[in-house]
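*Asks:* Sequence:
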Amino acid sequence: MDREELEVLGRMMVGPSVGLEALGGRSVGEFLAETLLKVRGKDGHLHPLRANLMQRTYERRRGAGNIVLKARQMGMTTWVAGRMLLKTVTRPGTLTLLVAHTQDSAEEILRIVHRFVEHLPRGLKAGALETGKANVRQIGFPAIDSEFRVESAGDRNAGRGLTFQNLHCSEVARWASTSSGQAADVLAGLRAGLAPGGEQVLESTADGVGGCFYEEWVGAEERGLVQHFFPWWLEPGYRSAAPVAEGSLTEEEWELVTRPGLGLQLALDLRQVGFRRQVRAQSLGLARQEYAETAEACFVASGDPYFSLQAVERRLLEVEEPTECPAGGALQGNLKVWLPPQRERRYLVAVDPAGGGADGDSSVMEVLDLQTGRQCAEYASHASGHELVEAVQEVCRLYNEASVVVERNNHGSGVLWLLEKAGYAGIFLGADGQKGFLTTVVSRPRMLADLSAALVETPELFASRSFLVECRSFVRLKGGGMGARSGAHDDRVMAMAIGLAARGEMLGRTQG
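Here the sequence shown stands for residues -17 to 494, numbered as in our numbering.
There could be a bad hint or two in this list.
With a straight-line cut-off of 30 Å between C-alpha atoms, the simulated DSBU-like cross-links for lysine-lysine are [what the hints assert, rightly or not]:
| hint | residue 1 | residue 2 |
| --- | --- | --- |
| 1 | K107 | K20 |
| 2 | K107 | K24 |
| 3 | K115 | K20 |
| 4 | K403 | K417 |
Keep in mind the hints are simulated off the structure, nothing from the lab.
Note that the structure is predicted; figures quoted are calculated from it, not measured.
All chains should be modelled from the sequences, with the hints used to inform the complete structure.
*Replies:* This is the structure in structure tokens:
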């Protein structure tokens, strides 16, 4: 194969992946990878890269934008890196950028790419594909002005100032814990550098509900990403040394062995069942995360959710879009309304203030019908101080001069002072006789427990999709606390919990 033929095939790689009869039914990407690339096998020897079932499936379904949720160590990172190397060397002027969760991981992936390059056919390595600058962070091909580069998501400026044609983001779910900035900000910066028509691949194992990768997964359609989910049983090596006894199968295992085996839902054999038992016994609760079986289960299993995800997910399927989103004034289009105010009804506005700023948490208001507890409206913005107080008063006026309960911890004390100074009369008085709601180590677990019970017993009270999404990523933390997992927010959760707790106190006083 000469250089001209290689460039023709390289151009064909950019379009949809189509199997060609002349290539034995393989796609162009598969043909080039299996013909040109070599990998080091588990036996320590070099072997031609042969596409497994997962890689073949990906190759046939991939688009310009892709998100891959997978079990661990299935070869997807190697496959994507190999494909993008081939695109780099077959199209002059191409820059490929790979971003991993740590610099060590990025350099490890680049070592695989170095091996690909080192063992290309001699005829291709001479001349146009002769490497120039090559180190632990980049491989350059000066004769064709192409380059393969790696960076770490820990660098908030990763990819800044570059324009690249291919973007490979590896283990995105783990970016949040290693990045100096928010993972979503890093990803947004990288996308800004992707040339029009460029290819992007986000791939990772799961790491809990919420966070950048989870949000990319659930929002894949609106972002134009093709979803790919690959369960562990697609890896041929995931089998125990000996089969388990058929008579020992549990009901769940029997269903896995006897299912029809459609698509990627293969019927398991008894050695695969043995492997499944081993990893569940040895993985300290992480088996469902590291060895994914369904997309939903691996996200849920990899966190420690506080609220009933079954209740949350069921309600998410039922909620409707707000009837209106008033704009103008202090609300600035940040108020979503599901139940407009009705004459002679009483309402409660619960406020969880934040410090403001575009990168911080949001200040949130939840509007509740005092009698029924139903969520009527929700406000969220980065307003603080006078702006927030103006918005609070406007929402309260809209809802029949509603009572307002403000968390008086931290920023809330200033908001309360400004509300008092403005002369607003309907400020909630706590049981201690002070204005506002004090969240303490005693009150916080109790009000969150009440919210958890309400989500299960009366899910119809909740109308906001954004609130329910926050509930999905609200987890039990190390040390016994509860809060948003890394990369997620809990502003709406806390505002709602405060509102329900204050409503309970107010109704109790009335009944007393």
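*Asks:* So, against the hints stated earlier in the document, which numbers end up violated here?
*Replies:* none
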